[in-house]
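Colleague: Those protein sequence lines, which keep their order, are chains A and B.
In terms of my numbering, the first sequence is residues 2 to 507.
In terms of my numbering, the second sequence is residues 13 to 103.
Note that these hints are calculated values from the structure, not bench results.
It is possible that part of the hints are untrue.
Listed below are the simulated DSSO-like cross-link pairs for lysine-lysine, each with C-alpha atoms no more than 30 Å apart in a straight line [what the hints assert, rightly or not]:
1) A:K462 to A:K476
2) A:K462 to A:K177
3) A:K123 to A:K504
4) B:K35 to A:K37
5) B:K35 to A:K249
6) A:K462 to A:K486
7) B:K14 to B:K35
8) A:K48 to A:K36
9) B:K14 to A:K36
10) A:K37 to A:K48
11) B:K96 to A:K36
12) A:K486 to B:K35
13) A:K207 to B:K35
14) A:K476 to A:K466
15) B:K14 to A:K123
16) A:K486 to A:K476
17) A:K466 to B:K14
18) A:K48 to B:K35
19) A:K48 to B:K14
20) A:K504 to A:K177
21) A:K177 to B:K14
22) B:K14 to A:K305
23) A:K504 to B:K35
24) A:K476 to A:K177
25) A:K207 to A:K48
26) A:K123 to A:K37
27) A:K462 to A:K305
28) B:K96 to A:K486
29) A:K36 to A:K207
In case you want the letters, here they are:
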Amino acid sequence: MDGFVSVLQFIGNEFLNVPAYLIGIIVAVGLIALKKNAGQVVGGALKAALGFLILGAGANVVTSSLTPLGDLVLAVTGAQGVVPTNEVITAQAAGEFGATSAYILSLGFLLMLVLARFSPLKYVFLTGHHMVFMSMLLAVVLSVGFGQGFLTVLVGAVLLAVMMVAMPAFAHPWTKRVTGNDTVAIGHFSSLGYIAAGAAGQAVGKRSRSTEEINVPKGLSFLRDSMVATALSMVLIYLVFTVWGLIKLGADAYPFLEADTAGSFVMAGVMQALMFGVGVAIILYGVRTFLGELIPAFQGIASKVVPGAKAGLDIPIVFPYAQNAVLVGFISSFIGGLIALVVLATWLNPVFGLALILPGMVPHFFTGGGAGVYGNATGGRRGAIVGGFINGLLITFLPAILMQVMGGLGLGNSTFGDADFGWFGTLVGLSAQSGSTIVGILLSVVLALVVFGLACAWQVKVVNKGWMPGADRQKWLDAEQAQAKARSEEERVARRDARRAAKTAD
Amino acid sequence: MKIVAVCGMGIGTSVILKMNIEKVLERFDVDAQVEAADISTARGAAQTADLVLTSAELAPQLGEVPADVVVVDNFVDEQEIEDKLVDALDL
C-alpha cells in the first residue's frame, strides 16, 4: 500500500506538478483522442514540453534586462515602471503558477466546449496564446486569495470558460460590420477595446470616410515585424530613462548598469533593450512550439464536440479588411498610451500609488490596430483615430489597476497588457481576495454568472436578431456610392451625347 | 516538402492557417511538413521551404525568397486555401 501511495506521490510531484510535463501530457491526451499514431503523439507531446521549457529560458533573459530598467525608473521617478507584455509576465509566472494554470487551461477548455454545445453562445475560442495568458492570470490572482489547489483550478476553469464564449459574442455585431459577413468571430482578450472603438466610431464618425481611401506611406509597415517593434520600443524607453538618469543622478546612475562613463552607461542601456528583444523572441519561439501542438489537438476535439460553432480567432484576422486603419489605430493608440502615462505619473501614481505603465509597441500595434479597424468600420477615419486613442487609454490604465491585485508577482516589472485581462483580472482579484474564502467563491461564481448571463442575453436579443452597429452610416455610404455611380453614369451619357453631336456636325 | 505559414507574430493566425493547410493536404494525400512562422524569422525559414503562404500585407515584406509565395486572403476559408494549393503544387 505504501508503495502504491509513494508511486502516486511521485507522479503527483514529479510529473503533474511540472508545467512542461503537464502540457506534454495534455497534448498527448488530445492527440490520442484524435486517433493520431504513436509517433505523432510522442513527437507532439515532447515538442509541447520543450516549448514550455524554452519559455522559461526566455523569461530569464527578459527578467535580467528588465530588472535594471525597473531600478532605474524607480530611482528617477520614485515610481514602479512596468512594460506590460503578456508573453513576458506569463513566462515569468510559469515557474510558480505553471501547473495550476495548465490545469485551468485544460479544464476550462472542456467547460467551454460544454457551454458552446448547450448554450446559445456557439463560439470556440482558438487563440491559443490568449487562453494560456488568461489561465495564467487567473492562476495568479485566484492563488492570492485561495492558494494554489483544487479550488483555484475549479473557479479559474469556470471563469476562463465563460470568458472564452462570452467575449466573442459581445464583440460579434461589430465584428460582422468589419468583415461584412458572419463567418468568423474574434477570440481575443482585448475585446473591450474593440467594442469601445466600434461604439466610439459610431458616435464620432457619422459622415467620416473610410481610412482605406487615404494613401498611407508604406514606410511604417516594418512595425508589423514584432522583433523590430519590440526592440525599437525598448531602445527608446531605455534611452529616455538612461538620459533622464544621467541628468538627475549624474555619475551615481552608472552602477545601475555597471558602467563607468556616461557613454558606456547609455550604451549598456541600449544593449539591455536589445536583450529584452532577444528574450521576447525566445519566449515567442517557445509559445509557437507548444501552441503548434496544443491548438490542433484542441481544435480537432472541438470540431467533433461542437460542429458548426464559430471559431474565435486572433485579432490580425481583421487586419486585411482595413490595412490603413491598422496603422492609424496603432499610432493613435500609442499617443493615447503616452497621454495616459503622463496622467499616471502626475496624478494617479502620487495619489493612489499606481505603477507607471510604459507603452510597449507590440500591444499597441495589435490591439490599437484592431481598434482602428473596428473604429473605421463604424466611423471611418475619425472612428479609427478615436477608437485607437481610447484603446490606448484602456491598455494603459487597466494594467495599472490590475497590478493592485496581482500580489507579489506585480513586482516583476511586467504585467498583462490587453484590455480584458485588465478589467476581468481586477474583478476576479477583488472577488477572490475579499477576505473570506466562502465570500470569495460566491463573488467569483456571481461574476461568472453575470458575464455568462449578459452574453447569452446579448447573443439571443441582439446578435441573433441581426443588429449591426453603424447602420445609418452604412446607408449614407451606400447612398453616396449610388450617387457617385449615378454621377459617372450621367457623365458618360453627356460625353456620348457630345460625341454624337460632334459627329452630326461633321 | 516544406511549407511555411506566416503571420505577424507566428502564434495566432499562422497556426490556424497551418492547420487548414494540413487538412487540405491530408485530403490530397500529400506528405508535407507545415510550419508556422512570424515575419521576422519567415525569411530564414523560406530559404529551405518549397512554398510560403501568407497574407497580402506581409507578402511584400518577405522580399526575395527562393520559395514560391502564395497570398491567402482568408486564413479560415478552406476552399480558397485548397484552390491556391492545387494551383501552386499542381495537385
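Colleague: Evaluate each hint against the coordinates.
Modeller: Against the structure, the hints come out as follows:
1. A:K462 to A:K476: 23 Å, holds
2. A:K462 to A:K177: 16 Å, holds
3. A:K123 to A:K504: 65 Å, violated
4. B:K35 to A:K37: 14 Å, holds
5. B:K35 to A:K249: Violated, at about 60 Å.
6. A:K462 to A:K486: 37 Å, violated
7. B:K14 to B:K35: At roughly 15 Å apart (the allowed maximum being 30 Å), K35 (chain B) and K14 (chain B) satisfy the hint.
8. A:K48 to A:K36: 18 Å, holds
9. B:K14 to A:K36: 24 Å, holds
10. A:K37 to A:K48: Given that 30 Å is the threshold and the Cα spacing comes to 15 Å, the pair holds.
11. B:K96 to A:K36: Given that 30 Å is the threshold and the Cα spacing comes to 29 Å, the pair holds.
12. A:K486 to B:K35: The hint is violated at about 43 Å.
13. A:K207 to B:K35: Violated - the C-alpha atoms of K35 (chain B) and K207 (chain A) are around 43 Å apart, more than 30 Å.
14. A:K476 to A:K466: 19 Å, holds
15. B:K14 to A:K123: 35 Å, violated
16. A:K486 to A:K476: Judged against 30 Å, a Cα distance of about 15 Å means the pair holds.
17. A:K466 to B:K14: With a Cα-Cα distance of about 45 Å, the restraint between K466 (chain A) and K14 (chain B) is violated, given a limit of 30 Å.
18. A:K48 to B:K35: 20 Å, holds
19. A:K48 to B:K14: 18 Å, holds
20. A:K504 to A:K177: 52 Å, violated
21. A:K177 to B:K14: Since the Cα atoms of K177 (chain A) and K14 (chain B) sit roughly 35 Å apart, the hinted pair is violated (cutoff 30 Å).
22. B:K14 to A:K305: Between K14 (chain B) and K305 (chain A) the Cα gap is close to 28 Å, so the pair holds against 30 Å.
23. A:K504 to B:K35: 62 Å, violated
24. A:K476 to A:K177: 16 Å, holds
25. A:K207 to A:K48: Since the Cα atoms of K207 (chain A) and K48 (chain A) sit roughly 51 Å apart, the hinted pair is violated (cutoff 30 Å).
26. A:K123 to A:K37: Holds, at roughly 27 Å.
27. A:K462 to A:K305: At roughly 28 Å apart (the allowed maximum being 30 Å), K305 (chain A) and K462 (chain A) satisfy the hint.
28. B:K96 to A:K486: Outside the cut-off at roughly 34 Å; violated.
29. A:K36 to A:K207: 53 Å, violated
Checked against the numbered hints given earlier, the structure breaks hints 3, 5, 6, 12, 13, 15, 17, 20, 21, 23, 25, 28, 29 and satisfies all the rest.
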